[in-house]
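J.: Put the two chains together into one complex, using the hints given.
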Amino acid sequence: MEYLQLFFFYLVALVAIVAGFCVISCKNPINSAISLVMTFFCLAIFYVMLHAPFMAAIQIMVYAGAIMVLIIFVMMLLNQGAEVIARYRHAVIGAFVAAALMMVQIIVLIKQGAVSATVGPISSDVIETVGHTELIGQALFTDFLLPFEIASILLLVAIVGAVVLAKREV
Amino acid sequence: MPEMLSLSNDPILFLSVMVAKILVVFIVVVLIVAYATYAERKIIGRMQTRLGPTMTGPLGLLQPIADGLKLFFKEDIIPAQSSKFAFILAPMMILVPAFITVAVIPFGDFITVGGYLVPLHITDLNVGILYILAMAGLGVYGIVLAGWASNNKYSLIGGIRSAAQMVSYELAAGLSMIAVFMLSETLSLRGIVDAQAGSVLNWYIFSQPLAFCLFVITSLAEINRTPFDLPEAETELVSGFCTEYSSMKYALFFMAEYANMIVVSAITATLFLGGPAGPFAGPINLLLKIFFFMFLFIWIRATFPRVRYDQLMFMGWKVFLPLALLNIVITGAVIVF
Chain A
1 MEYLQLFFFY
11 LVALVAIVAG
21 FCVISCKNPI
31 NSAISLVMTF
41 FCLAIFYVML
51 HAPFMAAIQI
61 MVYAGAIMVL
71 IIFVMMLLNQ
81 GAEVIARYRH
91 AVIGAFVAAA
101 LMMVQIIVLI
111 KQGAVSATVG
121 PISSDVIETV
131 GHTELIGQAL
141 FTDFLLPFEI
151 ASILLLVAIV
161 GAVVLAKREV
Chain B
1001 MPEMLSLSND
1011 PILFLSVMVA
1021 KILVVFIVVV
1031 LIVAYATYAE
1041 RKIIGRMQTR
1051 LGPTMTGPLG
1061 LLQPIADGLK
1071 LFFKEDIIPA
1081 QSSKFAFILA
1091 PMMILVPAFI
1101 TVAVIPFGDF
1111 ITVGGYLVPL
1121 HITDLNVGIL
1131 YILAMAGLGV
1141 YGIVLAGWAS
1151 NNKYSLIGGI
1161 RSAAQMVSYE
1171 LAAGLSMIAV
1181 FMLSETLSLR
1191 GIVDAQAGSV
1201 LNWYIFSQPL
1211 AFCLFVITSL
1221 AEINRTPFDL
1231 PEAETELVSG
1241 FCTEYSSMKY
1251 ALFFMAEYAN
1261 MIVVSAITAT
1271 LFLGGPAGPF
1281 AGPINLLLKI
1291 FFFMFLFIWI
1301 RATFPRVRYD
1311 QLMFMGWKVF
1321 LPLALLNIVI
1331 TGAVIVF
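In the order they appear, the protein sequences are chains A and B.
Counting with the working numbering, you get residues 1 to 170 for the letters of the first sequence.
Counting with the working numbering, you get residues 1001 to 1337 for the letters of the second sequence.
Check the hints yourself; a few may be wrong.
Within a straight-line C-alpha distance of at most 20 angstroms, the following computed SDA-like cross-link-like pairs (lysine to any residue) qualify [said to hold, decoys possible]: (1) A:27 - B:1085; (2) B:1084 - A:23; (3) B:1249 - B:1076.
Think of the hints as simulated: they come from the structure by calculation, not from any bench.
Since the structure is predicted, the reported quantities are computational estimates derived from the model, not experimental observations.
Looking at chain B on its own, in the form it has when it is part of the complex (with noise of 0.2 angstroms):
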């Protein structure tokens, strides 16, 4: 049995594999970030029968770097009644955190480099989960902040609804997370992914159907992805938070909803889908989970008309909480009879 490397036993090549580890990864979630946007249009102009991007490249392969490069070369526009410090700030607070949560997630078990284990995630925090939870919180700033900033009335508004809907749905969706360490009595998430391991019945979608439930639909308000896009609705506010934002600015904004939505879909496959277990290898398993959920997540935007917004604080704070906590009760009780 290997060593487990450590900055103890070999400095040097604990760094450069920890640095190697990051690097790959942070490329690995900017290309899925990039063909996500290219996804997006194919799938859901095929759900319409058009046929989405075709001209730039095969297939229209190139038209993320196309799209790229023009919003770089864009002139980039600040408002001059804006508050200038948060109005640059605002782009960064929300890209930041959707980044640095990929840091938790396990993406497979241990691998041997020069004669020493090295597991297969960035950092296992004993904390895990409520990093992700914390993370989540702070991604509230970004969208806030670029709505009063803008100063904007639209802007605000779309702000002042997303602040409202990521408060009351995070609760939510901590709550259904809930159940799933009570089970596992582990914060860390490769400890989740251990007590899941074995075969696939162990796998808390089937012991905790009604959480992953829950927590899909909380995500998916969380980060203002449709049927909960509120705060963005094109047709009343313009865009919302994002209606002043030009060039590269509005490029990262775009760039932090497809991060949350990676981020979202890996939690969700690492808590209820047994994170990198399954037939190939173990960050291929990983990935095509996040291609299924982002898949499903695509077919929805395709699929459901807009929630209204009397609706979305109904479903919030009167349907998603209270069962949330009957299945900690549940859950709770069966543990303990």
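So that you can see chain A by itself, here it is in the shape it has in the complex (with noise of 0.2 angstroms):
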């Protein structure tokens, strides 16, 4: 059962980073939107394995399904990808380095310390049993209400923001 489940973990890992890859080496813009769209597919499976279904089903309506259609939405209309990547040609140079600074980063804060296990008194059983979607609505709706009523001010301002700046005659 475990071999099985570490040979599905390195199949989706590597589609992930292939698809990855490919984000940053299309020339078409849109191919590197679509490998996006693989890419947030894969970690929506990596959400299912850690035992987070709703979060799964969230990473792709939102993201693979709304922010990307509005980003390729974008790119059709536009289509001006070959005199973007003529004209940012320097910012590869940034993108690489930035890419470098992040993996010694990362590699450092993994070779910092021992991987703990699960703390406090949500674990894979407590979500087997409870579902993963109540145990986020209780915690959503009664210990971090203040947070989520802010959060969704603050999207209704984004949203009378949209309008305003859409329609300036009203």
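T.: Shown next, in the form of structure tokens:
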């Protein structure tokens, strides 16, 4: 059983890394965007493997289903891939430096200490019996009610702002 | 009470039952897809006092097979200026989400196989409805990419229209479902079916009539069926996103359209009509409900003209979305008080 799970993990990880590599190496921005969707999908599979099905569904719905569609939408309308690449060629070096720094950071972080087991009352068994969605809902609407409401007001402000920007005379 | 069949108590039987269930469901869906094309032509033909297909086989029953063979042997053309990767990927990206959504739909109660209980669904996700919404969201890519990759202005317009349409109607469809799982208090489709068990009056179509109407209409828009088929409006866009497609790729788009119809019918039956509940065996009840909705969709296609684009957006954002929100508020108020 464990071998099967491990094999599956490495398979998904491989797909995620190849897709991630395609995001930065594809010449065509639309193909990059499709690869990014693939990476999001792999991330959702990791969430499922970590007993977080709600996170997985939200990951696909919000990132793959809404945000990336809008990004692709804008790319299709502008369709200026070649120009943008020519104009921002110097950014490639910057990106490589940033990626290298990030990798060093992550390696240092991982080497810092031992990976601990799950801390706190919520374990995989609790998630299996109570349900992931229920746990998140309870936490959001009891312990974290104030941050949740503040985030919703923030989103409302953003919506109003979008309407104001798009339609100057209402 | 026999034990539930799982991977731990009999792995080989579990795997073979699983594969058998997947194969049966897949074959049934493909068969319905094939004969939905026949039914659509026959029903619309009768409604317009024509005959529909009659020549291939008795009553024209072999027509879907003849069509399939024809499309299979046609020349597969990829336009020279197209973006090949996205062009080939697009039909797959529209068909696969449509087919894998069927996995969460329960099509019956439990049966006993080799002394173990086997549930009649492929999988029962804790987040079933969200999974359906997520897959519906992925379906957008197929049409958008097909429109863009063809390098054709009509296809591009079709793709852009569909992106705007599907994103805006997905919202209203999702919000109309929320009222249902406020009542059932679970996101799993099996749980929703169980919550409607008992009598016909427990079906959510009676407690949630507004949500039912909203869901059927917005789903029609989400799967681009008439009267919301603006992405492929034949008269103005020359079939829209699939203009440049030929052969099997074109067939895949059509299969996806009918597969989406089946999925939407099955979800409506599960959420509002008690799923496999009814007078006959579970799968037959579900199939009858699916056939009823498919007939309804074909009937709508034969009856209604296409809506205008501004009407479509107006209805989506200013009629269906507020109504869905209102329904949630009313349902919440009724549950609390």
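J.: Hint by hint, note whether the structure agrees.
T.: Against the structure, the hints come out as follows:
A hinted pair counts as satisfied when its Cα atoms are at most 20 angstroms apart, and residue 27 of chain A with residue 1085 of chain B qualifies at roughly 12 angstroms. Annotation: proposed proximity of residue 1084 of chain B to residue 23 of chain A holds, straight-line Cα distance about 17 angstroms (limit 20 angstroms). About 8 angstroms separates the Cα atoms of residue 1249 of chain B and residue 1076 of chain B, which keeps this hinted pair within 20 angstroms; it holds.
Every hint, counting from the list given before, is met by this structure.
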